[in-house]
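2 protein chains.
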Amino acid sequence: MLETIRAAGRIARIDIAKAAGASPATVTAITSELIAAGLIEECADPPLQDAKRGRPRVALKIRGGAHLVAGVKVSHHAASVVITDFEGTEITAREMRLAENRMTPAKLCDEILRSLDEACAAGGLALGDLSGIGIGIAGLVDARRNFVYWSSSLRERNVDLGRMLEARVHCPVFLDNDANLVAKAEHIFGEGRNVDNFIVITVEHGVGMGIVLDGRIYRGVRGCGAEFGHTKVQLEGALCQCGQRGCLEAYVGDYALLREANLNSETDHKDIDSLFAAAGAGEEIAGSILDRAGRMFAMGLANVVNIFDPSLIILSGAQLNYDFLYSDKVIDQMKRWIVQVDAPIPEVKVHGWGDLMWAKGATAYAIEEVSNLTVRELAANAG
Amino acid sequence: MLETIRAAGRIARIDIAKAAGASPATVTAITSELIAAGLIEECADPPLQDAKRGRPRVALKIRGGAHLVAGVKVSHHAASVVITDFEGTEITAREMRLAENRMTPAKLCDEILRSLDEACAAGGLALGDLSGIGIGIAGLVDARRNFVYWSSSLRERNVDLGRMLEARVHCPVFLDNDANLVAKAEHIFGEGRNVDNFIVITVEHGVGMGIVLDGRIYRGVRGCGAEFGHTKVQLEGALCQCGQRGCLEAYVGDYALLREANLNSETDHKDIDSLFAAAGAGEEIAGSILDRAGRMFAMGLANVVNIFDPSLIILSGAQLNYDFLYSDKVIDQMKRWIVQVDAPIPEVKVHGWGDLMWAKGATAYAIEEVSNLTVRELAANAG
Chain X
1099 MLETIRAAGR IARIDIAKAA GASPATVTAI TSELIAAGLI EECADPPLQD AKRGRPRVAL
1159 KIRGGAHLVA GVKVSHHAAS VVITDFEGTE ITAREMRLAE NRMTPAKLCD EILRSLDEAC
1219 AAGGLALGDL SGIGIGIAGL VDARRNFVYW SSSLRERNVD LGRMLEARVH CPVFLDNDAN
1279 LVAKAEHIFG EGRNVDNFIV ITVEHGVGMG IVLDGRIYRG VRGCGAEFGH TKVQLEGALC
1339 QCGQRGCLEA YVGDYALLRE ANLNSETDHK DIDSLFAAAG AGEEIAGSIL DRAGRMFAMG
1399 LANVVNIFDP SLIILSGAQL NYDFLYSDKV IDQMKRWIVQ VDAPIPEVKV HGWGDLMWAK
1459 GATAYAIEEV SNLTVRELAA NAG
Chain E
1099 MLETIRAAGR IARIDIAKAA GASPATVTAI TSELIAAGLI EECADPPLQD AKRGRPRVAL
1159 KIRGGAHLVA GVKVSHHAAS VVITDFEGTE ITAREMRLAE NRMTPAKLCD EILRSLDEAC
1219 AAGGLALGDL SGIGIGIAGL VDARRNFVYW SSSLRERNVD LGRMLEARVH CPVFLDNDAN
1279 LVAKAEHIFG EGRNVDNFIV ITVEHGVGMG IVLDGRIYRG VRGCGAEFGH TKVQLEGALC
1339 QCGQRGCLEA YVGDYALLRE ANLNSETDHK DIDSLFAAAG AGEEIAGSIL DRAGRMFAMG
1399 LANVVNIFDP SLIILSGAQL NYDFLYSDKV IDQMKRWIVQ VDAPIPEVKV HGWGDLMWAK
1459 GATAYAIEEV SNLTVRELAA NAG
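Each protein sequence line maps, in turn, to chains X and E. Quick note: our numbering has the first sequence finishing at residue 1481, numbered continuously throughout. Quick note: our numbering has the second sequence finishing at residue 1481, numbered continuously throughout.
Hints in this document: simulated from the structure, not taken from any laboratory. Do not take every clue at face value.
Negatives, chain E to chain X, calculated, CB over 12 Å [claimed, not checked]:
| # | residue |
| --- | --- |
| 1 | Thr1102 |
| 2 | Arg1104 |
| 3 | Lys1159 |
| 4 | Ala1164 |
| 5 | Asp1183 |
| 6 | Arg1195 |
| 7 | Asn1199 |
| 8 | Pro1203 |
| 9 | Leu1225 |
| 10 | Glu1325 |
To spell it out: a stretch of chain X is covered by chain E in this simulated footprint if at least three of its residues, at any positions, have a beta carbon under 8 Å from a beta carbon of chain E; those stretches are [claimed, not checked]:
| # | stretch |
| --- | --- |
| 11 | 1181-1193 |
| 12 | 1390-1404 |
Where is the CB? At the ideal position from N, CA and C, for every residue including glycine.
With these hints in hand, go ahead and build the complete structure from the sequences.
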């Protein structure tokens, strides 16, 4: 019911009953409990009109002040934090450079806490004011268990990062793969609004994927599905940072491009910017590197279409600042490599937002999970 | 509600109410309508016991005699037909050799009708006794529209096969990709019972896939998802029967193996049997062909695990009579090529059933769709 109210923004009880297929009496009973618990509130201004009889109706909305939540995106170089109220209204946002790219679990906890402290301070808040913290991190994360099997930000495997953080923050922590939180952000704030089946592909240091089916993130049974970057595009192919060969990421990730770009002692490309500029200036090797990356990426996109047949693919992430992964040539190749049917092909949209939007996805996740926890508590107290 | 009764087999009204979250009064009203429409019936024998008070309860069950349905699987060489009652009890089954492998739409309609006539005759029935016909065919099928974009059984693209057949059989026809109907059969009768998230991969002439998520077949928005056989495993690789290059099918389908096996004028393998025997007898080229097919298939399986992270993968189809696609070596390669997490890997089960079980999946689909139609008619008459 909270989800219905949140999705609607403002909604009358009778419309909640219709949406939920419940009786008006049931809705009145449940909404009374939610009001008593401070999660929702009545708002008479502006009044909703009863379509039939013209009588004004009292609308219900989420009570923004009910809870404060934080969303954190841990990227290769930085931690980005957004703090919002329970309606999702942003209170403060903050980016902090990380001490190292790859850390021990204890050090990563320190860094996340430091970024949260800084963000809270900037918003005139204390850490203790937060009711929940959503965190997105690259790698293999079992969101149900708050558990990190592997992350490029961590020096160790199998880290119970959720529990480590919860011991220090005294509020629940909700951990997820960062690409899932981008998909969540796209679904709630971005290009995926009102789209119930879409795929998000993120290209940054690595390649991630978020799958939204019937309006929900699809995570797989162990919490490590959607590993698009580690699907193999070449038998015994290029070495990937995961230690295996032939992963898509080993052809399009920034590290993959730079290791090729700097093969000759003559070149010293520090970043993709430099490689991209060289290709633009007509340098043949630079052009060939980006060209192959585009071709491999087109093949990966075609495979996604052949498997999911989605209505929309959203490309997101820092590498999308360069067009070699979504040039007309790449999209044309994708079109040629999907199964050919006389029906419209999926739309491909590029949405190159920054880390703060990823963090906003983490706040959306935290709001959802804090809602679930609160409702479960209410039910337990009632029962 | 029909689905609940079908899944339970026999169930009391009060348990339907619990399962559906509806009031007993609502359940009584709806079941009365379904009984009046002849879709379900009371059965007192043996009586269900009320757990608390020991009073016998009247159970409801699907009325087998309500409808007869047929399921047809069109394969490369044959059409297999199963006719069942509305409870799914088999009345007759029949396999018929097709006149040609690839036909005009009119000829395929003739052949399907001939197979249905033969099956009806064998069961002492007439075509007019059927309330619905489910048909599984290889290729790109939009099940929602009963439309075939492309099939290896058809000489033309974009065939409105459902409508063509319905003009001649006078009952609804429900067309689907054959692999989806295998997935349906596995879910209802086979290895996928009580498993809500699993993947079926079929290897016959081509390579197919059925995706079951949350207990439902996932079809994609245009009805042509799950095209696993046409995902690319090699950029600009081997030529596929679809006309593109590098499709998995072009490495593991029977035609792919035979074109390699018969490269030399010295060899003349007519079928996979012969190739498999040669490999078993230590013939090096035959061994190398099957070995590469196994490696490519392992790579495809690993990609499925990396995307879906399912609890179960079921391998099904005629080619599964030979173990080169699921030998220990193939499964070991799959294990090495999936993302490595300290959690159990998906189970891989081999279920090499014949065409009649595929046809049984088509009957299950027909029963489901006839149920939906009947319920919709009831609602329309009531409204």
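So, going through the hints one by one against the coordinates:
1. Thr1102: Its Cβ never comes within 12 Å of chain X, the nearest being 16 Å, so this holds.
2. Arg1104: Label holds. Min Cβ-Cβ 22 Å, cutoff 12 Å.
3. Lys1159: Check passes; 27 Å lies beyond 12 Å.
4. Ala1164: 27 Å, holds
5. Asp1183: Non-interface label stands for E:Asp1183: nearest chain X Cβ at 33 Å, farther than 12 Å.
6. Arg1195: 29 Å, holds
7. Asn1199: Holds, because the least Cβ-Cβ distance between E:Asn1199 and chain X comes to about 20 Å, which exceeds 12 Å.
8. Pro1203: 15 Å, holds
9. Leu1225: For E:Leu1225, whose nearest Cβ neighbour in chain X is about 31 Å away, the distance exceeds 12 Å, so it holds.
10. Glu1325: 4 Å, violated
11. 1181-1193: violated (count 0)
12. 1390-1404: holds (count 6)
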